[in-house]
Amino acid sequence: MEKYICEPSHTFLNLPEEKRLRIIREAVCEFGEYGYQRASVNRIVQRLGIAKGSLYQYFTNKEALFIAAFDHFSELVKKTVRSDRDPKGDFFYQVSGVLHSGYLFLKKYPDFFLLYSRVLAEEDTPHREMLIKRFHLFSVEYFRPFLDSGKASGLIRTDVNNALIFFMVEALLDRFFRECRGGSVSGMFGNDNPDDSLTQIIDQLVGVLRVGLGTTRI
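Be aware that the sequence shown starts at 49, since it is given in the numbering used here, and climbs by one per residue.
Incorrect hints may appear among the rest.
Pairwise CB distance ranges (calculated) [said to hold, decoys possible]: (1) Ala200 / Thr108: 45 to 55 Å; (2) Ser131 / Arg223: 31 to 41 Å; (3) Glu81 / His184: 35 to 45 Å; (4) Gly101 / Val208: 28 to 38 Å; (5) Leu63 / Asp196: 38 to 48 Å; (6) Thr264 / Arg70: 49 to 59 Å; (7) Ser201 / Pro64: 11 to 21 Å; (8) His184 / Arg205: 33 to 43 Å; (9) Lys136 / Glu227: 45 to 55 Å; (10) Arg205 / Thr108: 44 to 54 Å; (11) Leu69 / Asn209: 35 to 45 Å; (12) Pro193 / Arg95: 39 to 49 Å; (13) Asp172 / Gln248: 20 to 30 Å; (14) Glu218 / Gly101: 35 to 45 Å.
Computed cross-link-like contacts, EDC-like style, restricted to lysine to aspartate or glutamate with a CA-CA straight-line distance of at most 20 Å [as the list claims (entries may be wrong)]: (15) Lys155 / Asp138; (16) Lys156 / Glu81; (17) Lys127 / Glu81; (18) Lys181 / Asp119; (19) Lys181 / Glu65; (20) Lys67 / Asp132.
Don't read these hints as lab results, they were simulated from the structure. Just so you know, even glycine gets a beta-carbon here, dropped at the ideal spot from N, CA and C.
Work the whole structure out from these sequences, hints included.
Here's what the structure looks like:
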(Lines of atoms letter the chains of each structure in order from A and count residues from 1; the text may use other names and numbers.)
(Lines give C-alpha, C1' and ligand atoms only; values in the text may rest on other atoms or scores of the structure.)
Protein backbone atom coordinates (compact mmCIF):
# COMPACT_ATOMS: atom_id res chain seq x y z
CA MET A 1 0.00 0.00 0.00
CA GLU A 2 1.29 3.48 -0.87
CA LYS A 3 2.24 5.90 1.87
CA TYR A 4 0.15 9.01 2.47
CA ILE A 5 0.68 12.00 4.72
CA CYS A 6 -2.65 11.13 6.36
CA GLU A 7 -2.36 7.47 7.31
CA PRO A 8 -4.57 5.97 10.04
CA SER A 9 -3.04 6.01 13.51
CA HIS A 10 -1.56 3.01 15.27
CA THR A 11 -4.51 3.24 17.64
CA PHE A 12 -6.84 2.45 14.75
CA LEU A 13 -4.61 -0.30 13.38
CA ASN A 14 -4.54 -1.94 16.80
CA LEU A 15 -8.33 -2.10 17.07
CA PRO A 16 -10.05 -5.48 16.69
CA GLU A 17 -10.64 -6.22 13.01
CA GLU A 18 -14.42 -6.21 13.38
CA LYS A 19 -14.38 -2.69 14.80
CA ARG A 20 -11.97 -1.42 12.15
CA LEU A 21 -14.12 -2.84 9.37
CA ARG A 22 -17.28 -1.32 10.82
CA ILE A 23 -15.69 2.13 10.86
CA ILE A 24 -14.46 1.72 7.29
CA ARG A 25 -17.83 0.45 6.07
CA GLU A 26 -19.65 3.42 7.55
CA ALA A 27 -17.12 5.75 5.93
CA VAL A 28 -17.56 4.01 2.58
CA CYS A 29 -21.34 4.39 2.80
CA GLU A 30 -21.09 8.08 3.71
CA PHE A 31 -18.53 9.05 1.06
CA GLY A 32 -20.28 6.91 -1.54
CA GLU A 33 -23.68 8.48 -0.92
CA TYR A 34 -22.62 12.10 -0.50
CA GLY A 35 -19.20 12.42 -2.11
CA TYR A 36 -16.18 13.78 -0.26
CA GLN A 37 -17.19 17.42 0.05
CA ARG A 38 -20.74 16.81 1.31
CA ALA A 39 -19.89 13.82 3.49
CA SER A 40 -20.38 14.40 7.21
CA VAL A 41 -18.14 13.05 9.94
CA ASN A 42 -20.99 13.80 12.35
CA ARG A 43 -23.27 11.38 10.53
CA ILE A 44 -20.57 8.72 10.54
CA VAL A 45 -19.93 8.90 14.28
CA GLN A 46 -23.66 9.03 14.96
CA ARG A 47 -24.18 5.74 13.12
CA LEU A 48 -21.15 4.25 14.85
CA GLY A 49 -22.33 5.42 18.26
CA ILE A 50 -18.97 6.96 19.17
CA ALA A 51 -17.73 10.47 19.91
CA LYS A 52 -16.16 12.51 17.14
CA GLY A 53 -13.06 12.84 19.30
CA SER A 54 -12.69 9.07 19.31
CA LEU A 55 -12.75 8.98 15.51
CA TYR A 56 -10.07 11.67 15.37
CA GLN A 57 -7.87 9.48 17.53
CA TYR A 58 -7.91 7.05 14.61
CA PHE A 59 -7.71 9.54 11.73
CA THR A 60 -6.23 13.02 11.85
CA ASN A 61 -8.99 14.48 9.69
CA LYS A 62 -11.80 13.73 7.24
CA GLU A 63 -9.33 13.33 4.39
CA ALA A 64 -7.44 10.59 6.22
CA LEU A 65 -10.68 8.70 6.83
CA PHE A 66 -11.61 9.02 3.16
CA ILE A 67 -8.24 7.71 2.00
CA ALA A 68 -8.50 4.76 4.39
CA ALA A 69 -11.95 3.92 3.04
CA PHE A 70 -10.76 4.07 -0.56
CA ASP A 71 -7.64 2.05 0.25
CA HIS A 72 -9.76 -0.68 1.78
CA PHE A 73 -11.95 -0.74 -1.33
CA SER A 74 -9.03 -0.90 -3.75
CA GLU A 75 -7.26 -3.66 -1.83
CA LEU A 76 -10.47 -5.68 -1.69
CA VAL A 77 -10.89 -5.34 -5.46
CA LYS A 78 -7.34 -6.49 -6.09
CA LYS A 79 -7.70 -9.43 -3.73
CA THR A 80 -10.96 -10.51 -5.39
CA VAL A 81 -9.60 -10.28 -8.93
CA ARG A 82 -6.34 -12.06 -8.12
CA SER A 83 -8.04 -14.88 -6.24
CA ASP A 84 -10.24 -15.64 -9.26
CA ARG A 85 -7.44 -15.50 -11.83
CA ASP A 86 -6.61 -18.60 -13.85
CA PRO A 87 -2.97 -18.21 -14.96
CA LYS A 88 -3.54 -20.71 -17.78
CA GLY A 89 -6.17 -18.58 -19.49
CA ASP A 90 -5.31 -16.26 -22.39
CA PHE A 91 -5.79 -12.50 -22.51
CA PHE A 92 -9.44 -12.64 -23.57
CA TYR A 93 -10.17 -15.25 -20.91
CA GLN A 94 -8.72 -12.90 -18.29
CA VAL A 95 -10.92 -10.02 -19.43
CA SER A 96 -13.94 -12.31 -19.21
CA GLY A 97 -12.89 -13.42 -15.74
CA VAL A 98 -12.55 -9.85 -14.47
CA LEU A 99 -16.01 -9.01 -15.83
CA HIS A 100 -17.47 -11.99 -13.98
CA SER A 101 -15.58 -11.26 -10.75
CA GLY A 102 -16.46 -7.58 -10.93
CA TYR A 103 -20.15 -8.32 -11.34
CA LEU A 104 -20.16 -10.57 -8.28
CA PHE A 105 -18.15 -7.97 -6.36
CA LEU A 106 -20.75 -5.30 -7.14
CA LYS A 107 -23.57 -7.52 -5.94
CA LYS A 108 -21.73 -8.13 -2.67
CA TYR A 109 -20.34 -4.62 -2.14
CA PRO A 110 -22.53 -2.07 -3.99
CA ASP A 111 -21.44 0.79 -1.73
CA PHE A 112 -17.80 0.33 -2.72
CA PHE A 113 -18.48 0.90 -6.40
CA LEU A 114 -20.58 3.93 -5.54
CA LEU A 115 -17.56 5.36 -3.72
CA TYR A 116 -15.36 4.72 -6.76
CA SER A 117 -17.94 6.36 -9.04
CA ARG A 118 -17.91 9.43 -6.81
CA VAL A 119 -14.15 9.70 -7.13
CA LEU A 120 -14.40 9.51 -10.91
CA ALA A 121 -17.18 12.09 -11.10
CA GLU A 122 -16.07 14.68 -8.54
CA GLU A 123 -12.93 16.55 -9.51
CA ASP A 124 -12.56 18.21 -6.11
CA THR A 125 -11.96 14.86 -4.39
CA PRO A 126 -8.62 14.85 -2.49
CA HIS A 127 -5.87 12.89 -4.25
CA ARG A 128 -8.33 12.08 -7.04
CA GLU A 129 -5.78 11.75 -9.84
CA MET A 130 -3.51 9.56 -7.76
CA LEU A 131 -6.36 7.26 -6.71
CA ILE A 132 -7.56 6.83 -10.30
CA LYS A 133 -3.98 6.26 -11.46
CA ARG A 134 -3.55 3.46 -8.94
CA PHE A 135 -6.46 1.59 -10.49
CA HIS A 136 -5.05 2.17 -13.97
CA LEU A 137 -1.64 0.87 -12.94
CA PHE A 138 -3.17 -2.22 -11.35
CA SER A 139 -5.10 -2.91 -14.56
CA VAL A 140 -1.93 -2.60 -16.63
CA GLU A 141 0.03 -4.76 -14.19
CA TYR A 142 -2.70 -7.41 -14.17
CA PHE A 143 -3.28 -7.71 -17.92
CA ARG A 144 0.21 -6.98 -19.31
CA PRO A 145 1.67 -10.52 -18.97
CA PHE A 146 -1.32 -11.99 -20.81
CA LEU A 147 -1.23 -9.27 -23.45
CA ASP A 148 2.49 -9.78 -24.06
CA SER A 149 2.00 -13.54 -24.22
CA GLY A 150 -0.91 -13.14 -26.62
CA LYS A 151 1.12 -10.99 -28.98
CA ALA A 152 4.10 -13.33 -28.81
CA SER A 153 1.94 -16.37 -29.61
CA GLY A 154 0.13 -14.69 -32.48
CA LEU A 155 -3.22 -14.56 -30.68
CA ILE A 156 -3.33 -10.76 -30.57
CA ARG A 157 -2.48 -8.27 -33.29
CA THR A 158 0.95 -6.74 -32.86
CA ASP A 159 0.08 -3.61 -34.85
CA VAL A 160 -2.19 -2.31 -32.08
CA ASN A 161 -0.44 -0.25 -29.40
CA ASN A 162 -0.56 -1.70 -25.88
CA ALA A 163 -1.70 1.61 -24.40
CA LEU A 164 -4.67 1.62 -26.76
CA ILE A 165 -5.58 -1.95 -25.78
CA PHE A 166 -5.43 -1.10 -22.08
CA PHE A 167 -7.62 1.93 -22.75
CA MET A 168 -10.20 -0.20 -24.56
CA VAL A 169 -10.27 -2.84 -21.83
CA GLU A 170 -10.57 -0.29 -19.03
CA ALA A 171 -13.36 1.50 -20.90
CA LEU A 172 -15.19 -1.81 -21.32
CA LEU A 173 -14.80 -2.70 -17.65
CA ASP A 174 -15.89 0.73 -16.45
CA ARG A 175 -18.99 0.89 -18.64
CA PHE A 176 -19.97 -2.71 -17.88
CA PHE A 177 -19.75 -2.19 -14.13
CA ARG A 178 -21.82 0.97 -14.37
CA GLU A 179 -24.54 -1.02 -16.13
CA CYS A 180 -24.29 -3.73 -13.47
CA ARG A 181 -24.95 -1.43 -10.54
CA GLY A 182 -28.59 -2.51 -10.48
CA GLY A 183 -27.43 -6.03 -9.62
CA SER A 184 -29.23 -7.71 -12.52
CA VAL A 185 -28.35 -8.49 -16.13
CA SER A 186 -31.99 -8.37 -17.21
CA GLY A 187 -32.39 -5.67 -19.83
CA MET A 188 -28.68 -4.87 -19.82
CA PHE A 189 -27.56 -2.85 -22.86
CA GLY A 190 -31.13 -2.65 -24.12
CA ASN A 191 -31.46 -6.42 -24.17
CA ASP A 192 -34.97 -7.42 -23.12
CA ASN A 193 -34.40 -11.15 -23.40
CA PRO A 194 -34.45 -12.56 -19.85
CA ASP A 195 -32.94 -15.79 -21.15
CA ASP A 196 -29.62 -14.10 -21.83
CA SER A 197 -27.44 -14.92 -18.85
CA LEU A 198 -24.51 -12.97 -17.48
CA THR A 199 -22.16 -15.44 -19.17
CA GLN A 200 -23.81 -14.94 -22.55
CA ILE A 201 -23.57 -11.16 -22.28
CA ILE A 202 -19.92 -11.28 -21.23
CA ASP A 203 -19.14 -13.72 -24.04
CA GLN A 204 -20.63 -11.27 -26.53
CA LEU A 205 -18.66 -8.34 -25.14
CA VAL A 206 -15.37 -10.22 -25.12
CA GLY A 207 -16.21 -11.61 -28.55
CA VAL A 208 -16.35 -8.08 -29.94
CA LEU A 209 -12.98 -7.37 -28.33
CA ARG A 210 -11.58 -10.57 -29.79
CA VAL A 211 -12.73 -9.66 -33.31
CA GLY A 212 -11.01 -6.30 -33.08
CA LEU A 213 -7.76 -7.43 -31.46
CA GLY A 214 -7.43 -11.07 -32.45
CA THR A 215 -5.48 -12.27 -35.45
CA THR A 216 -8.10 -14.86 -36.39
CA ARG A 217 -10.94 -13.43 -38.41
CA ILE A 218 -14.44 -14.83 -37.93
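Hint by hint, here is what the structure shows:
no.: 1; hint: Ala200 / Thr108: 45 to 55 Å; verdict: holds, 48 Å
no.: 2; hint: Ser131 / Arg223: 31 to 41 Å; verdict: violated, 24 Å
no.: 3; hint: Glu81 / His184: 35 to 45 Å; verdict: violated, 25 Å
no.: 4; hint: Gly101 / Val208: 28 to 38 Å; verdict: violated, 56 Å
no.: 5; hint: Leu63 / Asp196: 38 to 48 Å; verdict: holds, 42 Å
no.: 6; hint: Thr264 / Arg70: 49 to 59 Å; verdict: holds, 51 Å
no.: 7; hint: Ser201 / Pro64: 11 to 21 Å; verdict: violated, 49 Å
no.: 8; hint: His184 / Arg205: 33 to 43 Å; verdict: violated, 22 Å
no.: 9; hint: Lys136 / Glu227: 45 to 55 Å; verdict: violated, 29 Å
no.: 10; hint: Arg205 / Thr108: 44 to 54 Å; verdict: holds, 50 Å
no.: 11; hint: Leu69 / Asn209: 35 to 45 Å; verdict: holds, 41 Å
no.: 12; hint: Pro193 / Arg95: 39 to 49 Å; verdict: holds, 43 Å
no.: 13; hint: Asp172 / Gln248: 20 to 30 Å; verdict: violated, 40 Å
no.: 14; hint: Glu218 / Gly101: 35 to 45 Å; verdict: holds, 41 Å
no.: 15; hint: Lys155 / Asp138; verdict: violated, 26 Å
no.: 16; hint: Lys156 / Glu81; verdict: holds, 17 Å
no.: 17; hint: Lys127 / Glu81; verdict: violated, 24 Å
no.: 18; hint: Lys181 / Asp119; verdict: holds, 13 Å
no.: 19; hint: Lys181 / Glu65; verdict: violated, 28 Å
no.: 20; hint: Lys67 / Asp132; verdict: violated, 28 Å
Hint compliance for this structure: hints 2, 3, 4, 7, 8, 9, 13, 15, 17, 19, 20 are not met, and every other hint is.
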